[in-house]
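Residue numbers (numbering that gives the first Met the number 0), protein chains in the order written: chain A, 0 to 253; chain B, 0 to 286.
A portion of the hints provided could be inaccurate.
[What the hints assert, rightly or not] The following label-pair restraints were derived from C-beta to C-beta distances:
(1) LEU118/A / LEU67/B: 17 to 25 Å
(2) ASN140/A / ASP4/B: 52 to 60 Å
(3) THR157/B / ALA139/A: 21 to 29 Å
(4) GLN62/A / THR213/B: 54 to 62 Å
(5) LEU118/A / PRO140/B: 33 to 41 Å
Quick caveat, the hints were computed from the structure, so don't treat them as lab data.
Quick caveat, the model's predicted, so the values are computed rather than measured.
C-beta: ideal position from N, C-alpha, C; glycine also.
Now for the letters of each chain:
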Amino acid sequence: MLQLEQVSKNFGGLPALSEVSFRVPQGQIVALIGPNGAGKTTLINCITGVLPTTSGRINFRGQPIEALQTHQIARFGISRTFQNLKLFPRLTVLDNVLTGLTCEGGDSMLMAMLRFPSLRHRERQLKLRALEALDRFGLANKANWPAAVLAYGDRKRVELARATVGRPDLVLLDEPVAGLNAEETAEVAEQLKRLRSAGHTLLLVEHDMDLVMTVADRVVVLDSGRCIAVGSPDEVRCNPLVLRAYLGQMEATT
Amino acid sequence: MSSQDLLQFVFSGLTSGSIYALIAIGFCVVNNTMGIVNFVQVDFITLGGMLMFSALFALGIPLAPGLLLAVAGVALVAMLVERFGLRPCRSENHLVLIFLTVGLSIILRGLIKLIWGKNRMALPPLTPDEPIRIFGASVLPQALWILLLTLCAIVLLTWFFYRTPLGLAMRAVASNPTAAAVVGIPAGRVRLTSYAIAGALGGLAGVLITPITTLNYDVGVLLGLKGFAAAILGGFGSFPGAILGGVGLGLLESLSAGYLSSAYKDVVAFVVLLAVLFVRPKGLLGK
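I would like the entire structure built from these sequences, with the hints used as guidance.
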């Protein structure tokens, strides 16, 4: 579904990503792991067009997307969350989730201004879907709260709801359980599995190895901007290169 | 000085304050979606008056449709300014963009001068100029129109921002541009809309105020400066702040003109503006 070929990204001559290539097959959860500074978030930013790539190709469903703007990529059916949460703090929880349905509103400005009854009907439908999504994440009773006043865990839920409400084909999740307790982490793991069985494809950046090993179908390992291993969780776990770069280091510190 | 005089000053302050508020909101709309000060706002005011003048006297259109046409015309010009004046600029640097608006403002003013000339013109008020007495103060009907239509514009804007998908998209961009792009909100359309709104508000201000002042090619400059000051006073970017700042500045001007001297009205208003900014650098309702 998503295919990266030799994607490189330099920041003022410093390589953050060097010729990264891998595939994200449809309907799978692919985990992207690697030590801090390996380029995981940079890669997500390149895929979503938040950062331009320096070279390389990114294909989504066979179409090149590396030269598109962020909002155009979103319209292809790619959504994402952010490591350091990017909600709309002054908008209500419901409005935050409603923005996740932007791509389905797609009307001209004039149409939106004239407010045809059919349009209003569709707006009500979208609102219902946003409310359903809030319900799925246990946020229904906070729909009218401003997002800024929510607790951290709830804000992560809102972002996840916003990223998935539009039923995107591919969801990129940047550290969905960072800062969450064990109970909340388990809940997110369940949500991820549910998303996969609903037909979504997920690319997951995560430091929590337990989560990666339980939910991921494939693991891609980055180290210093290079892709050093791709395989099933078990294969990656036994790969000596990976052990040296990442897992061993983790075990040494924990 | 009697309480009647006070009421008289308050009315006149509210009138000019409403105009400042309309202009200030125009500045805020563009600032919130693009992060820049749009100096073309100044000429949207003039253009509103000019288009109204042409609609009435060149095309012979009645007042009410003429007003709508003038406001829509300015909105259209504003969209053209954004689409062909600012969009082609590839720079992300805000200083570059702001200076570009200064240049576009000069170009637009030049065009207005070319089309309508340098003469002072007079626009008729919306209803005949018989002062109405309200609690002993005499008020021009045009002042009441200004208050009423400003209120309508604010209600309409609030509805637009809080009840329509495009309004939601605009609030999202103002709140976090990156996140807005990631959910698929096209920045271009939002910018175009913000210019259309800024143009409509500036145009409305121009149509409403020029029957009281006069109309010439640079009438918008001083008014625009006051509107900008009002936006700063209220906290640049905040809509309630823009309204508070506009009305506050209008009242300050008229009260100081009434109780001190009309020669000092700008001085007093701007001294207070500076004093407020010393204490609250982000303006009254700024974040």
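* Should the hint that LEU118/A and LEU67/B are 17 to 25 Å apart at their CB atoms be regarded as holding? -> holds, 23 Å
* **Supplied distance hint 33 to 41 Å, evaluated on CB atoms of LEU118/A and PRO140/B** => Distance hint for LEU118/A, PRO140/B holds at roughly 38 Å.
* That 54 to 62 Å hint for GLN62/A and THR213/B (C-beta), does it hold up? -> holds, 59 Å
* Between THR157/B and ALA139/A, does the beta-carbon spacing fit 21 to 29 Å? -> holds, 26 Å
* Evaluate the given range 52 to 60 Å for the C-beta pair formed by ASN140/A and ASP4/B. => holds, 55 Å
Checked against the numbered hints given earlier, the structure satisfies every one of them.
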